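> Chains as they are written, first to last, in the working numbering: chain A, 1 to 444; chain B, 1 to 444; chain C, 1 to 444; chain D, 1 to 444.
Some clues are possibly wrong.
Here's a subset of chain D near chain C, in silico, CB distances under 10 Å, partners left out [to be verified]:
no.	residue
1	LEU189
2	THR259
3	MET354
4	PHE396
Note that these hints are calculated values from the structure, not bench results.
This one's a predicted model, so the numbers in the text were calculated from it and none came from an experiment.
Where a beta carbon is used, it is the ideal one built from N, C-alpha and C, also for glycine.
There are 4 protein chains.
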Amino acid sequence: MRGAMRRKEEIKRPEGKLGILIPGMGGAVSTTFLAGVQTIRQSLALPVGSLTQMGTIRLGKRFEYRIPLIKELVPLADLDDLIFAGWDVFPDNCRQAALQCKVLNQDHVEAVGSFLEGLVPWPAVFNQTFVKNLDGPNVKPQASHLELVDAIKADIEAFRRENAISRCVMIWCGSTEAYLKPSAVHATLSNFEAGLKDNDPNISPSMLYAYAALTSGIPYINGAPNLTVDIAAMEELADDCQVAIAGKDFKTGQTLMKTILAPGLKARMLGLSGWYSTNILGNRDGMVLDDKDSFKTKEESKLSVLDTILQPQVYPELYREFFHKVVINYYPPRGDNKEGWDCIDIFGWLGYPMQIKVNFLCRDSILAAPLVLDLVLFADLAQRAAMSGIQEWLSFYFKSPQCAANLYPEHDLFIQSIKLKNTLRYLMGEEQITHLGLDYYYDL
Amino acid sequence: MRGAMRRKEEIKRPEGKLGILIPGMGGAVSTTFLAGVQTIRQSLALPVGSLTQMGTIRLGKRFEYRIPLIKELVPLADLDDLIFAGWDVFPDNCRQAALQCKVLNQDHVEAVGSFLEGLVPWPAVFNQTFVKNLDGPNVKPQASHLELVDAIKADIEAFRRENAISRCVMIWCGSTEAYLKPSAVHATLSNFEAGLKDNDPNISPSMLYAYAALTSGIPYINGAPNLTVDIAAMEELADDCQVAIAGKDFKTGQTLMKTILAPGLKARMLGLSGWYSTNILGNRDGMVLDDKDSFKTKEESKLSVLDTILQPQVYPELYREFFHKVVINYYPPRGDNKEGWDCIDIFGWLGYPMQIKVNFLCRDSILAAPLVLDLVLFADLAQRAAMSGIQEWLSFYFKSPQCAANLYPEHDLFIQSIKLKNTLRYLMGEEQITHLGLDYYYDL
Amino acid sequence: MRGAMRRKEEIKRPEGKLGILIPGMGGAVSTTFLAGVQTIRQSLALPVGSLTQMGTIRLGKRFEYRIPLIKELVPLADLDDLIFAGWDVFPDNCRQAALQCKVLNQDHVEAVGSFLEGLVPWPAVFNQTFVKNLDGPNVKPQASHLELVDAIKADIEAFRRENAISRCVMIWCGSTEAYLKPSAVHATLSNFEAGLKDNDPNISPSMLYAYAALTSGIPYINGAPNLTVDIAAMEELADDCQVAIAGKDFKTGQTLMKTILAPGLKARMLGLSGWYSTNILGNRDGMVLDDKDSFKTKEESKLSVLDTILQPQVYPELYREFFHKVVINYYPPRGDNKEGWDCIDIFGWLGYPMQIKVNFLCRDSILAAPLVLDLVLFADLAQRAAMSGIQEWLSFYFKSPQCAANLYPEHDLFIQSIKLKNTLRYLMGEEQITHLGLDYYYDL
Amino acid sequence: MRGAMRRKEEIKRPEGKLGILIPGMGGAVSTTFLAGVQTIRQSLALPVGSLTQMGTIRLGKRFEYRIPLIKELVPLADLDDLIFAGWDVFPDNCRQAALQCKVLNQDHVEAVGSFLEGLVPWPAVFNQTFVKNLDGPNVKPQASHLELVDAIKADIEAFRRENAISRCVMIWCGSTEAYLKPSAVHATLSNFEAGLKDNDPNISPSMLYAYAALTSGIPYINGAPNLTVDIAAMEELADDCQVAIAGKDFKTGQTLMKTILAPGLKARMLGLSGWYSTNILGNRDGMVLDDKDSFKTKEESKLSVLDTILQPQVYPELYREFFHKVVINYYPPRGDNKEGWDCIDIFGWLGYPMQIKVNFLCRDSILAAPLVLDLVLFADLAQRAAMSGIQEWLSFYFKSPQCAANLYPEHDLFIQSIKLKNTLRYLMGEEQITHLGLDYYYDL
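Please put together the full structure from these sequences, using the hints given.
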């Protein structure tokens with residue numbers, strides 16, 4: 001079901017309040033995002049890592065030096081117009097939650113403490129079958145799928161009404177669910193809706209949230225590796241409801257590094273014989289991933305990256321036989337500061353071996369928070385531009401970018417970046433950048 | 001002086017022999033290149049790292065899977081048509097030289113030993129003022145600039161005649177010369193030619209080679225950070241003679257890594273507070289760079305990279321104040337295996353710091369050899385396509401890419417790669433790739 | 001059952017041939033040892049890593065500079081008197097086996113090729129219950145424990161007779177067996193001998209080898225983490241037979257590094273909050289350890305090290321709560337070159353945190369081979385000095401040093417080294433070294 | 001001039017106040033020490049890293065488990081009896097200075113803020129010839145050597161009187177002075193005293209402090225690599241005055257790591273082909289060491305370590321030809337957190353190469369502060385035990401341990417540790433520990 005997207009003057013203006021709905025509102029990523037937005041609104045810190053806030057975009061010829069901020073070129077919602085709400089299995093308000101996550105220093109949390117205190121999560125839809133190593137008391141009492149969907153929709157409606165919200169976006173910042181294989185219930189919308197009625201066990205909590213969002217006309221963004229909207233049934237629903245969807249799994253830490261390095265190796269036609277990646281982390285995420293089923297979901301999301309970037313079928317002599325291993329270990333001394341060590345075995349001219357070792361002392365939530373901000377603003381833009389369904393141009397932000405069934409996902413961070421920027425240029429009627437540049441030298 | 005380049009059917013066919021002329025023929029890069037080409041011709045190993053030999057290029061829409069080899073798309077000289085010659089301050093033939101460099105295993109050298117033994121360098125133009133830590137007996141006796149230029153041209157002419165060569169390319173694989181500031185003698189061609197007559201001390205040996213090449217109608221490629229053709233006088237000469245020039249400084253090792261990582265950080269709008277780079281290497285290069293003057297030339301070439309990629313003027317809050325330090329140390333135990341350690345201090349959301357450490361156990365000549373091959377083949381292509389003067393589309397291969405005076409150089413490896421490939425597409429009449437891809441989803 | 005050891009002149013001279021019996025003769029450690037000994041005998045390389053061959057020992061006062069080689073001080077068997085034999089589940093001779101292991105370069109193997117070809121393993125005692133990821137055809141046909149013991153003893157007797165051997169040492173260089181809990185059958189010699197008759201499944205192949213050795217009056221050394229002689233039954237047997245035993249698990253790679261670093265941290269009273277160790281290796285060992293049961297045996301051996309060195313009970317504020325994680329991953333690109341990455345979180349003055357990261361690119365068999373040599377020579381010395389039972393002074397060589405029941409093992413490499421050297425001094429009637437040295441300054 | 005030291009009951013009790021005199025009182029090491037001692041006195045943190053406060057000492061046989069705290073065994077001054085004073089070229093009180101150093105978090109400084117505010121440095125003796133990259137206004141007006149010595153002594157006397165001090169120790173925590181070669185003026189006490197009168201330029205400020213201390217009967221400890229008391233003239237003076245001296249250069253960071261790792265390699269007879277050490281640091285120390293003359297002093301101190309530990313003359317085949325390089329770079333983003341990267345090339349059995357890389361993210365002053373505490377307490381103990389002159393048993397704390405002229409320094413951290421502990425055992429009449437332990441097994 002293809003529609004015509006709007007361009008430039010036709011794009012609706014971002015008027016009124018934009019509601020941000022967050023399943024997993026009390027987690028590290030969400031609270032770091034929320035505290036950060038408020039800190040930035042109060043001009044106490046910079047939105048580092050956010051393209052919508054700090055990024056520029058080159059327009060025209062190289063010698064023109066026409067490089068506006070992205071937010072000057074495209075009509076995005078203003079930070080002051082954002083209103084937040086969400087769900088969590090723990091009842092703590094976001095100040096308590098942020099302090100417990102220990103991502104941000106106490107001073108930073110307290111500087112926006114009263115704002116965070118006002119953010120109290122609704123009871124969550126939760127099913128421990130999908131997240132073994134987590135449990136919390138703040139859960140909805142309803143038992144059936146349909147009742148739960150209705151409860152979520154009721155939360156949303158009340159929120160919209162009470163805050164005079166004009167548009168919403170939902171973004172999943174919750175935990176990784178146990179691995180689910182796409183099955184019959186996920187294959188078509190009618191199967192899925194039948195499954196809802198029958199309480200099919202292959203429908204996970206995140207799918208209930210997504211179903212509630214899409215049927216309420218609200219874009220859904222998937223920050224975890226859960227299937228959720230990455231099934232044919234949901235794509236059908238998004239088209240039907242003319243709503244944008246995007247996912248999946250925020251690209252941070254080691255995978256971010258992989259999608260930077262692997263395109264570099266490939267650009268230079270350097271072969272790969274092995275890539276060993278180990279991660280240590282000590283937060284709630286680490287604990288959840290200590291469960292094998294949750295790890296499997298994450299592993300799938302992490303492993304596919306190299307194959308897609310390196311194209312073993314196109315370059316069999318360079319990339320068909322590399323050994324790829326991803327290990328994640330719970331290591332409490334690290335806290336929220338995820339640390340990765342990559343050991344990369346490459347080969348060059350005549351097959352001579354070389355090695356690259358990368359030790360990344362990163363902070364997971366610090367890397368993820370600006371992605372949340374960009375994604376809600378861009379999803380809202382897409383919605384106003386009548387761009388419904390899969391938002392492939394947002395691949396830049398995801399470990400497993402969702403794309404149309406007849407295409408392959410683009411994992412290369414640099415292709416993703418060009419795709420995003422050329423999409424913005426196209427939306428605003430600007431010329432595509434090809435980096436050809438022969439016209440600077442020759443009469444073409 | 002702009003001309004019209006040729007496209008597709010107008011490009012001259014690569015008929016006959018292509019002569020490759022190498023100042024510094026006995027060094028590690030050159031002998032690794034030479035032994036490698038012969039090994040590959042004998043099907044004993046793969047030309048890993050070479051775009052012209054192994055690279056593919058995507059054409060058309062994503063779902064077409066039209067991905068020919070680059071050498072199937074553009075008319076390049078065949079490896080079997082390459083004939084080699086060169087100069088060196090040491091008189092050893094290339095078998096002896098390759099064994100001494102210890103880049104390649106003895107077996108690999110011996111497998112092409114008789115081929116290498118046949119490659120004996122002509123006496124070189126040498127002036128120790130420009131390379132303090134090197135000295136050798138195989139030097140031309142002539143004393144004046146003009147006599148030396150004539151001697152080089154005589155070598156070339158004899159080589160052409162004896163081998164029935166139809167086209168030539170010269171590529172500098174020699175040492176880094178002492179730092180030279182561009183001065184009056186480099187500013188115009190007439191100044192430069194006056195300087196030749198007056199034996200101006202600001203004209204270095206590499207400039208004599210380049211002058212001989214260009215005035216013989218031979219493209220010149222600069223693999224070291226020496227000024228050589230990166231001065232207005234030489235650009236003028238290249239235009240006059242309608243010859244291609246390209247440079248400077250092969251992008252290998254740590255700078256290659258920098259031009260992979262820095263664009264990744266910038267794509268994500270992650271700030272930079274410091275980048276500390278140390279290199280240890282034990283070969284002739286390391287010894288030459290232990291001299292302060294030679295190191296200064298190299299340092300200039302290495303330092304500018306980050307500034308150009310990160311655009312501190314466009315992103316002052318992220319990149320104006322980072323501390324950048326590059327250290328090179330001679331460390332004989334490493335031999336030709338250059339090792340780099342980078343310590344990168346970045347900051348994200350709200351300014352929170354993170355660190356990346358990269359340890360690259362690389363092999364300098366193994367990384368450089370395929371660049372030599374690609375550059376001579378692409379320079380020959382340019383010449384046949386009437387693309388004279390600066391070849392900015394070859395920026396991909398250089399630490400300090402040369403570009404027109406009114407432009408800035410592109411250091412970002414991924415922009416360089418797109419530039420190169422879109423240039424090849426343009427040459428062959430194929431559509432430019434923009435990665436937009438909205439047409440897969442919407443009726444545009 | 002305590003006996004009096006012999007000293008100095010009473011120690012029997014190392015006359016005649018010393019037979020070295022090796023279960024696992026075709027493995028990487030064993031073939032590297034065997035090829036190495038022969039290479040060293042032919043003066044083609046140095047026995048680097050071997051205390052018995054290259055180590056010196058300081059005697060007397062510091063200003064005397066009396067520092068003989070260890071082998072000049074104590075009477076050790078000469079390398080030329082060593083004769084080798086062994087068992088393996090693969091029938092390859094040691095030249096074939098060494099080539100397959102790829103530890104040593106082909107040239108090194110071929111230089112002693114005929115010697116290695118002459119070393120053909122006897123069929124091994126093998127039971128796949130104990131080593132899931134390994135299987136080979138060269139196994140003894142006997143089925144019962146006692147028949148297998150007899151078969152081993154028959155091999156030994158034939159070897160002794162045919163080679164006119166005067167003394168033997170057996171050293172286990174085979175794989176890690178599945179984890180065994182010490183149980184009733186291991187508790188006393190009479191239980192164990194009853195178990196032999198009943199084919200008790202808690203008696204592993206390595207125990208059959210050890211039983212055969214001890215009852216033949218041959219010292220047994222345990223290079224793997226298997227229980228084998230580290231049970232009360234075998235200690236009783238060793239005392240009864242007056243034979244030396246030592247173990248267990250050769251200390252190489254990461255554990256070696258741990259027993260170097262941990263004593264350093266403790267010497268300085270620096271606290272430890274976490275120690276994360278990951279290992280990647282691609283050889284037969286890596287494959288065997290990919291099985292969970294074999295890994296558990298290894299893990300036990302690796303984990304205890306820190307607790308014993310750091311003494312959490314003595315230093316609860318510094319070492320009671322550190323998180324210790326050991327991961328081993330099979331990574332074929334690494335081959336026999338084991339690589340370890342340690343991430344160590346320490347804290348200092350007022351609790352401030354610091355980090356140490358160690359990347360060890362080691363070669364397992366290269367580190368283990370000299371230990372094999374030292375251990376067989378020292379075990380033979382012990383036997384000639386009437387030192388029977390547990391050889392605690394050889395703790396230096398083991399990951400899990402065996403010691404008397406009322407003592408704790410010494411894991412600190414530096415204490416182990418002093419213990420070994422002071423034992424040699426004591427044996428030869430030299431003064432103990434205490435490093436006091438106040439007599440250099442004061443009249444005591 | 002040898003005297004008899006006192007033991008056990010003869011050692012004077014640590015009664016009354018102990019004055020700690022600190023040249024360089026406002027620097028990072030000193031203020032971290034001062035703030036720390038007060039924090040510990042208030043039971044707000046632990047004296048991690050301090051042997052005198054947290055260390056234990058094993059006495060008797062292994063099965064006795066007799067392991068008292070060191071401070072329970074030997075009579076040390078109590079922390080509550082320490083009184084502090086010092087000199088600095090900057091007039092800031094220690095609270096201001098500590099905040100500026102940024103080693104300790106602001107909260108930690110403020111918690112002992114009033115204590116630190118009370119510590120105001122006296123004007124310093126300063127001569128910029130010796131510390132090029134430093135300058136400050138708080139300097140003594142006197143010009144001649146003797147006037148300066150008198151001024152220092154007057155400061156000390158006033159301090160003693162006003163605070164009813166019973167004993168003092170002086171410890172240099174100031175900057176590294178420019179490299180000085182030992183010359184005639186340093187050779188004898190009479191030469192030195194003549195030099196004092198003549199204002200000899202080879203007498204540095206630190207020597208004036210030391211001269212003042214020793215002639216006041218106060219032990220002097222040298223925490224920097226400056227010559228100071230490490231010259232024959234000062235040794236003579238210390239003997240004459242019967243005062244303890246110790247030095248030089250606190251062993252922290254990379255050198256600490258070297259003296260842990262190198263003994264480990266040597267214990268295992270692993271050869272060394274190269275050791276490359278780079279350090280980045282951003283504090284006042286880093287700035288001072290950016291001056292070549294100051295760096296030379298530090299470099300000498302750092303380079304000698306490996307030679308002394310590895311004994312190339314004893315092990316020529318293993319350690320005669322290694323390449324050792326030490327680099328220090330000023331890198332402001334690192335602040336006081338010194339970071340080291342070591343790349344160590346070793347070789348084993350038959351000469352096969354292996355590599356160790358160590359990345360140490362350390363905090364210089366956090367590592368140094370407990371050394372200051374231990375040294376002043378142990379120097380005071382030595383003085384009360386009539387141990388005058390060089391305190392070799394304190395080698396444990398120094399990069400370049402001072403020792404008698406006919407001896408070589410002990411750099412091995414583990415020998416240093418045994419030396420220190422056996423000295424304490426000897427002082428208190430306890431048996432020396434040799435780790436022999438054969439008596440656990442045999443009737444000796």
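> List in ascending order the numbers of the hints, as given earlier, that are violated by the structure.
As far as the earlier hints go, only 1 is violated by this structure.
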